[in-house]
Amino acid sequence: MMKIDVLESSISDHQPLPDKMADYIREAIIVGKLKPGEKISEAKLAEELRISRTPIREAIRMLESEGFVSIIPRRGTVVSDFTFEDLYEYFQIKACLEAFSAFLAEPHMTERDINRLRRLNEEEKAAIASHDFVKFMRIHEDFHQTFLAKGGNEKLKKLNAQLMVHIKRLQNFFLQQPELFLHCAETHGDIIDAFYQHDGSRVRQLVEENILHIAQQVKQHGKSLKENA
Amino acid sequence: MKRDFLVVHKNISEIIASHQTLREKVAELLREAIIQQKINPGERITELEMASRYGLSRTPIREAFRQLESEGFLKIIPRKGAIVAELNEKDIRDFYEIKAVLEGYAARIAAARITDVEIGQLEHLNRKMKECAAKMDMAGLTKNHNEFHNFILEVCGNDKITAVVSNLVRQFLRFRFFVSSSSSLGKIHADHDKIIEVFKAHDGAMAEKYMIANAKLGEEVIMKEFLSVQENKR
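So the sequences go chain by chain: S and U. If you count by numbering that gives the first Met the number 0, then the first sequence holds residues 0 to 228, one letter each, in order. If you count by numbering that gives the first Met the number 0, then the second sequence holds residues 0 to 233, one letter each, in order.
Quick caveat, the hints were computed from the structure, so don't treat them as lab data. Some clues are possibly wrong.
[Stated by the list, open to error] Below, computed lysine to aspartate or glutamate pairings styled on EDC-like, alpha-carbon distance capped at 16 Å:
1. S/LYS154 - U/GLU88
2. S/LYS157 - U/GLU31
3. S/LYS154 - U/GLU96
4. S/LYS154 - U/ASP93
5. S/LYS218 - U/ASP158
6. S/LYS156 - U/GLU70
7. U/LYS74 - S/GLU153
8. S/LYS156 - U/GLU96
9. U/LYS159 - S/GLU140
10. S/LYS156 - U/ASP90
11. U/LYS159 - S/ASP85
12. U/LYS89 - S/GLU153
13. S/LYS149 - U/ASP93
14. S/LYS157 - U/ASP90
15. S/LYS157 - U/ASP93
16. S/LYS157 - U/GLU96
17. S/LYS156 - U/ASP158
18. S/LYS154 - U/GLU68
19. S/LYS157 - U/GLU70
20. S/LYS154 - U/GLU70
[Unchecked claim] Here chain U is said to cover these stretches of chain S; the calculated rule only asks that three of the stretch's residues, wherever they fall, bring their Cβ under 8 Å from a Cβ of chain U:
21. 52-64
22. 86-93
23. 154-163
[Stated by the list, open to error] What follows is a list of derived Cβ distance ranges for each label pair:
24. U/GLU31 - S/ARG73: 27 to 35 Å
25. U/HIS123 - S/GLN14: 48 to 56 Å
26. S/ASP141 - U/GLU48: 53 to 61 Å
27. S/ALA160 - U/ILE82: 44 to 52 Å
28. U/VAL168 - S/GLU140: 40 to 48 Å
29. U/HIS201 - S/SER40: 51 to 59 Å
30. S/ASN114 - U/VAL168: 36 to 44 Å
31. U/GLY41 - S/LEU211: 52 to 60 Å
Each residue gets a CB set at the ideal place from its N, CA and C atoms; glycine is no exception.
Using the sequences plus the hints, can you model the full thing?
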């Protein structure tokens, strides 16, 4: 299952082994290598990776608290299913919290930060033009991180990071919705203008509207899946 | 002796019978001990000490530590065990900022969809709060207060907001101890009256505004209590 030597890479990255394991399993779930309902065997993983079961068990507990796996008594660990309704709910929270984070960040945004946003926005448009949507999503995340990292509410930063993890499960869905990317890239231009004008309330409103717009698409998609089923 | 909380009050077979994992049980015992201030911020606990007290292996203890770290109760120090996380003014401000944003949004959504029956239930909870305040029944007051807030989150219909807020509130259960000794909590029900009025008009923008103001008042009440407890410690 795993091609790299986890133990070695855990040591070289200075990352505790359970965290490394959690990253690895999470990634496999996000990209769909592990499917909803699929069983994850501690024993099998331990054997394949030649590590003890304790760090694997810890990793699984972490993933359980994040909602990626469910531990079912006498059945073991399975990849938890997700619905578009769940992700719509996460997006609503993301909209509120990111918009507020942007509002808190506004007074701390330097000219350099704003220039960085402009550069990233240009790169976003270039990625869309060349249909490199995976690249777009990476730049898009950098754009948001530029202001999410500012402002002083540590709990808020932690919550934003936790939400980001959930939303990664939508990666495959987004790759099929290029028109959403165009909408984002355009709104990002307006957000930059509002930062430039030091209009924190406008920034907040734009970020919230942008994310709620995406939330609506996620909800719609969930509805149409249900109707077709 | 401070360490009384570590006395095993349930044996292993009872834990197994209660369908709780050992990790959950250990986490619950420790969380309770921290909330009730049987162990204090800054105090150190070790896996080894816990393991020998409970007669357990270190694995469930380590898992419980991790869980409580993610809930904000403990800070894990590699190779040294864990210390009970300190709370400071910034924690309180950060918490109420987030609570205001999420509850404000929930109130905005709830205002559009709340039914007359549901408004009646909010009125009932607010009445019970007033009765508790009159009798100085602080536990009852806190309970009805929390139910009022949770009810609005339920009407909003986003389960995840409820989960995020209650997870944050759990970290702040230590403050409920302060709230219960506070008389100013009685003021909060006047805010609740205003929220009910704008719900009747289905005015989302005002519901959000009043909800945020209510969180601000909550923050002031807790901060006052917190600072006076800090002052007494000196």
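Verification of the supplied hints:
1. S/LYS154 - U/GLU88: Answer holds: S/LYS154 to U/GLU88 is near 13 Å, not above 16 Å.
2. S/LYS157 - U/GLU31: 24 Å, violated
3. S/LYS154 - U/GLU96: Holds - the C-alpha atoms of U/GLU96 and S/LYS154 are around 10 Å apart, at most 16 Å.
4. S/LYS154 - U/ASP93: 7 Å, holds
5. S/LYS218 - U/ASP158: Holds - the C-alpha atoms of U/ASP158 and S/LYS218 are around 15 Å apart, at most 16 Å.
6. S/LYS156 - U/GLU70: Holds, at about 15 Å.
7. U/LYS74 - S/GLU153: Roughly 15 Å between the alpha carbons, so the hint for U/LYS74 and S/GLU153 holds.
8. S/LYS156 - U/GLU96: Holds - the C-alpha atoms of U/GLU96 and S/LYS156 are around 12 Å apart, at most 16 Å.
9. U/LYS159 - S/GLU140: 22 Å, violated
10. S/LYS156 - U/ASP90: Judged against 16 Å, a Cα distance of about 13 Å means the pair holds.
11. U/LYS159 - S/ASP85: Status holds; Cα separation ~8 Å.
12. U/LYS89 - S/GLU153: 9 Å, holds
13. S/LYS149 - U/ASP93: Given pair S/LYS149, U/ASP93 holds - Cα atoms ~14 Å apart, limit 16 Å.
14. S/LYS157 - U/ASP90: 13 Å, holds
15. S/LYS157 - U/ASP93: Holds. S/LYS157 to U/ASP93 sits at ~11 Å (cutoff 16 Å).
16. S/LYS157 - U/GLU96: Holds, because 14 Å separates the two Cα atoms, which is no more than 16 Å.
17. S/LYS156 - U/ASP158: Judged against 16 Å, a Cα distance of about 21 Å means the pair is violated.
18. S/LYS154 - U/GLU68: 13 Å, holds
19. S/LYS157 - U/GLU70: Cα-Cα ~11 Å, so holds.
20. S/LYS154 - U/GLU70: This hinted pair holds, its Cα atoms lying about 11 Å apart.
21. 52-64: holds (count 6)
22. 86-93: holds (count 4)
23. 154-163: holds (count 3)
24. U/GLU31 - S/ARG73: 27 to 35 Å: 28 Å Cβ-Cβ, so the 27 to 35 Å window holds.
25. U/HIS123 - S/GLN14: 48 to 56 Å: 52 Å, holds
26. S/ASP141 - U/GLU48: 53 to 61 Å: Cβ of S/ASP141 to Cβ of U/GLU48: about 45 Å, so the range 53 to 61 Å is violated.
27. S/ALA160 - U/ILE82: 44 to 52 Å: 23 Å, violated
28. U/VAL168 - S/GLU140: 40 to 48 Å: Because 30 Å falls outside the window, the suggested range is violated.
29. U/HIS201 - S/SER40: 51 to 59 Å: Roughly 52 Å apart at Cβ, these two residues keep to the hinted range, so it holds.
30. S/ASN114 - U/VAL168: 36 to 44 Å: 40 Å, holds
31. U/GLY41 - S/LEU211: 52 to 60 Å: 42 Å, violated
Hint compliance for this structure: hints 2, 9, 17, 26, 27, 28, 31 are broken, all remaining hints hold.
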